[in-house]
Amino acid sequence: GAVVSQHPSRVICKSGTSVKIECRSLDFQATTMFWYRQFPKKSLMLMATSNEGSKATYEQGVEKDKFLINHASLTLSTLTVTSAHPEDSSFYICSARDLGGVDTQYFGPGTRLTVL
Amino acid sequence: GQNIDQPTEMTATEGAIVQINCTYQTSGFNGLFWYQQHAGEAPTFLSYNVLDGLEEKGRFSSFLSRSKGYSYLLLKELQMKDSASYLCAAHSSASKIIFGSGTRLSIRP
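Protein sequences appear in the order of chains A and B. The numbering of the first sequence is this note's numbering, which starts it at 1 and goes up by one. The numbering of the second sequence is this note's numbering, which starts it at 117 and goes up by one.
Some hints here could point you the wrong way.
Stretch-level coverage of chain B by chain A, calculated; a stretch enters the list once three of its residues show a Cβ under 8 Å from a Cβ in chain A [what the hints assert, rightly or not]:
no. : stretch
1   : 160 to 168
2   : 216 to 224
Among chain B residues calculated to face chain A with C-beta under 10 Å, some are [claimed, not checked]:
no. : residue
3   : Met126
4   : Thr129
5   : Gly156
6   : Glu157
Honestly, the hints are just simulated from the structure, not real lab data. Idealized CB from N, CA, C, for every residue including glycine.
Given only the sequences and the hints, what does the whole structure look like? Please build it.
Right, here's the structure in full:
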């Protein structure tokens with residue numbers, strides 16, 4: 001199946017700093033990528049839809065100025081958590097949409113963010 | 117509104133069969149996904165149903181009834197490694213995937 005990578009897999013940062021998470025589709029082109037966050041024992045919550053070459057579409061209640069998304073190429077989308085606070089600590093997962101076969105999404109391995 | 121319902125927890129015995137049900141209500145519907153997620157890991161794709169009926173894939177089968185807004189995931193010959201969360205997700209017409217809260221399945225020897 002299609003492969004999606006995320007970097008870093010785990011990050012610990014101080015409150016007030018910014019953290020960038022990368023999501024790459026390794027063996028296919030993804031015009032659309034999705035960013036989710038997941039709290040312990042909860043399901044995935046869609047944060048935003050990232051479209052290559054255009055602005056991301058944010059879900060209701062997600063602050064676009066806090067969670068900056070850039071989708072500069074067909075294989076890379078980045079999520080920057082600006083001025084991180086402890087409540088931003090979560091598991092962030094990206095997925096990339098593959099239109100080559102089944103219109104499904106392939107998930108990256110996730111990034112565990114801990115804000116101290 | 118959009119709503120995905122599935123049981124929070126289930127327990128089954130190794131070697132047995134378990135069925136995880138899911139009902140959904142979405143604005144627009146293209147198909148129904150099932151994902152498996154082990155603790156601390158990202159979800160992995162299990163199945164995608166577009167048409168009504170049962171699709172079998174090895175030990176796992178998935179069923180969809182579009183008219184009833186209902187799906188189930190059937191796991192046969194359960195193994196200890198099947199202990200995980202199983203996420204039901206509806207593929208909406210906006211090309212978004214809306215996830216249910218997941219069913220935590222525990223397998224006992």
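How the hints compare with the structure:
Residues of the stretch 160 to 168 of chain B lying with their CB closer than 8 Å to a CB of chain A number 3, which satisfies the three-residue condition for coverage. Chain A is given as covering the stretch 216 to 224 of chain B, and this holds because 4 residues of the stretch bring a CB closer than 8 Å to a CB of that chain, at least three being needed. Because the smallest distance between the Cβ of Met126 (chain B) and any Cβ of chain A comes to about 15 Å, over 10 Å, the interface hint for this residue is violated. Hint status for Thr129 (chain B) relative to chain A: violated, with the closest Cβ pair at about 23 Å, above 10 Å.
Hint on Gly156 (chain B) holds. Least Cβ distance to chain A is approximately 8 Å, under the 10 Å limit. Interface restraint check for Glu157 (chain B): the shortest CB-CB distance to chain A comes to about 7 Å, inside 10 Å, so the restraint holds.
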